[in-house]
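Construct the entire structure; sequences and hints are all you get.
Take a look at the letters that make up each chain.
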Amino acid sequence: MAKEKQNNDYIFQEVDETTNVYNNVNQNVDELFKVVGTNLENVERLNAVPYSYWRITFTELFKKPFVIICLAILALIIFFTIFGPLINYYPPLIIDGSTILHNPLPDVAPPYYVGPNAQYWFGVCGDNMGTWFEGTDMWSVVWTGSRLSLLLGVTVAAIDVVLGIVIGAAWGYFKWLDPIMIEFRNFVSNIPTILLDILLMQLLSPYMKDFGFIIVVFLLCALGWLGLAGFVRNQIIIIRNREYNIASQTLGSSSTTMITHNLLPYLVSVIVTVASTSIPAAISSEVGLAYFNLSFKVSDGDITLGQVLTQATKGMAWMEHPYLLLGPLIVMVPLTVAFFYLGLAIADATDPKSHR
Amino acid sequence: MTTYLVGYSIIGFLILFIVFSILVKRKILFGNTPVMQRIFAHPLLHYSIRRLGSALISLLLTILVTFFLIRASQPADATCITKFSGPHITQELFDLQCNAWKDEMGLSGSLFEQMINFFYSILPFPKTLCRTSLDLNTMTFFVSDCRTFIIDFGKTSDLPGIADGTYVLDYMIPRMGTSFKIGIIAVVLQLALGYPLGVLMAKYKGGILDKIGLGYIISIDAIPGVAYYYIWMALLCGLCALPYAYNDGDFLSWLPAILTMGFTGMAGIAMWVRRFMVDEFNSDYVKFARAKGLSENRIMFTHILRNAIVPLVRSIPSAVIGALLGTYYLENMYSIDGIGAALITANDHHNAPLLQAIVIISAILSIISFLLGDIVTAMVDPRVSFSGDEV
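Same order as they appear, the protein sequences are chains A and B. Mapped onto the numbering used here, the consecutive letters of the first sequence carry residue numbers 12 to 367. Mapped onto the numbering used here, the consecutive letters of the second sequence carry residue numbers 5 to 395.
No lab work stands behind these hints, which were simulated from the structure alone. Fair warning: this is a prediction, and the values are worked out from it, not measured in the lab. Glycine residues also receive a C-beta, built at the ideal position from the N, C-alpha and C atoms. It is possible that part of the hints are untrue.
[Claimed, not checked] FRET-style restraints, in silico, Cβ to Cβ:
hint: 1; chain 1: B; residue 1: ILE216; chain 2: A; residue 2: VAL54; range: 47 to 57 Å
hint: 2; chain 1: A; residue 1: TYR218; chain 2: B; residue 2: GLY16; range: 45 to 55 Å
hint: 3; chain 1: B; residue 1: LYS87; chain 2: A; residue 2: ASP362; range: 52 to 62 Å
hint: 4; chain 1: A; residue 1: PHE90; chain 2: B; residue 2: LYS215; range: 28 to 38 Å
hint: 5; chain 1: A; residue 1: SER216; chain 2: B; residue 2: LYS87; range: 16 to 26 Å
hint: 6; chain 1: B; residue 1: MET40; chain 2: A; residue 2: ASN252; range: 32 to 42 Å
Here's what the structure looks like:
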């Protein structure tokens, strides 16, 4: 008997729930619907907010608190990069025509190791194994370096992305190109990248003084686009034979139309991810090149973050004076991490599947 | 004499084996013998032969490009002047030393001659080589230490810590050993840390561990490698007082490099394990297992993990073989005398034979490791087959 009672209760409960639902609907009808009258023009018009891809992308993006933090960090770094020479700045190099001399601070005596203080916010670089920055203010050096690094990062990323998308799209779309490009990729992956960089740098070093920026951009771009191109190629191969593409082809779309109208719009979120992560990647590669002295030469008056890190940590003096390492890191780490995280967040936001 | 015999028989056996298996595959020989067909016409064997054949082209291209790039970027005459000229060196002595050095480095003669000599020396058949050294007292050359090599990578001299005219292979093999010792421990550490982390992150997706793990992975990807290595150096050598100069006999001095490599590589592995496992969560067989009433742990470890590991197995051979070649930054930072450091040293001393040998060996190893990766995947995953025409 008890079981039966339970069942009855259950039934009653359900009925109650359904009536509640109806009640709710009745209550909400006024909010859900709006009387537009009998005017024929108003009847035909959609009253809902139209779907806009980029608007939803931006609302999705700014929903995350960490995105705001990253943007703030980037804004701060870019601010100091641009206006650094106006704030507590002691020029690290004397550039007089073609002669470049390092410029030690007048009120600090060798061996210069002065920790961060009220006057020199990141401390003073010591004379570790004859660096170019001995006795110069780390704060000034770091913000001078971040200028060239940011410029380099943006340029290299732009070139990489354009080359990567154009070549990757062609590589994925034209089947005859595939074996050639795969063989080319195998060939490139056979040579150690660092050796290629070293040899190219030795070959081009006589022109370094005049064409330094172009040469470093060339070194970083020489192989950078290949990764992105391979990535785009894989994505295009996945969607190449979908029904809508075959239909479009059957209706006589040209190859260019197919790539620009059918394939690439589908890949926007994928491409944005790689594009935005390739700025920090380029900055990182420059740091790697600078470690082996393959980047800009300080003797040409060009300072990058990679140079700052390499010069400041020359020898083992930074073990006793950790501020030498911390100075460059305080700029480099937030810069790259913020860019990278922002890239991933943009990727999430630009994915139409995440739009409701 | 025995080396000649062994060398020729290995090469002959390999060629015969390949020709024989191709004939069997085409059913020209043993077309109706099932046993022979099963062994010599195995799809995996023919896939390997095809892959190696096409890899030969890119290998040849690699060798050619490095050959010319080295000669273009490090002109022999300029190197001679920086190496041998000095206040007390007469022109006669300079020429003698320069020519001897050029001969030894394979840089004498026209570019075409150099190329022919170089390809002759790296063709895999046995040849005997001797060391010729210049005796500065009598101004004559003397010959010593004759040995037989199958691939002749030439000789190197003017490098710190070795006698002039040492065979490149003698220089490289101990260094590969050092790199491998460090690298293989690091690979084991990466796998031992990365897999459990990835599994735990996937299991408690969205939890605190997952968030910390993702933050770590993002920072590893984002922070410049060199900066990251310096941070670990500061932590391991500064705070934990580990030695920062590598010493072969002292295991403690191996640790900074090993731990840095382990913690770096761990992130990538954890990320892929997590991604593959999360992808598998919604597949039909998992829903079915859950419907059968299996516990979440059982589903996790016996069903999902097995499927999620398959794509990762491919990378293990290249990680193990890559350990032979070492790392460039860490070996230079901790002064480990491995291959990565040797590449930089060789370049600093404009040592063409050593550079060429490193490129050739690393190219061959990367070809082998890609092939092994495919074979291991085919062995682990029954869905993969190489029998069709598609590659």
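Hints, one by one, checked against the model:
1. Checked against the hint of 47 to 57 Å, the C-beta distance between ILE216 of chain B and VAL54 of chain A comes to roughly 55 Å, which is consistent with it.
2. Range check, TYR218 of chain A to GLY16 of chain B: Cβ separation about 51 Å, and the 45 to 55 Å hint holds.
3. The hinted range of 52 to 62 Å is satisfied by LYS87 of chain B and ASP362 of chain A, whose Cβ atoms lie roughly 59 Å apart.
4. Evaluation of the 28 to 38 Å hint for PHE90 of chain A and LYS215 of chain B yields a pass: the beta carbon distance comes to about 29 Å.
5. For SER216 of chain A and LYS87 of chain B, the hinted distance range of 16 to 26 Å is satisfied, since their beta carbons lie about 18 Å from each other.
6. In this structure, MET40 of chain B and ASN252 of chain A meet the distance hint of 32 to 42 Å, their C-beta atoms being roughly 39 Å apart.
In this structure, every one of the numbered hints holds.
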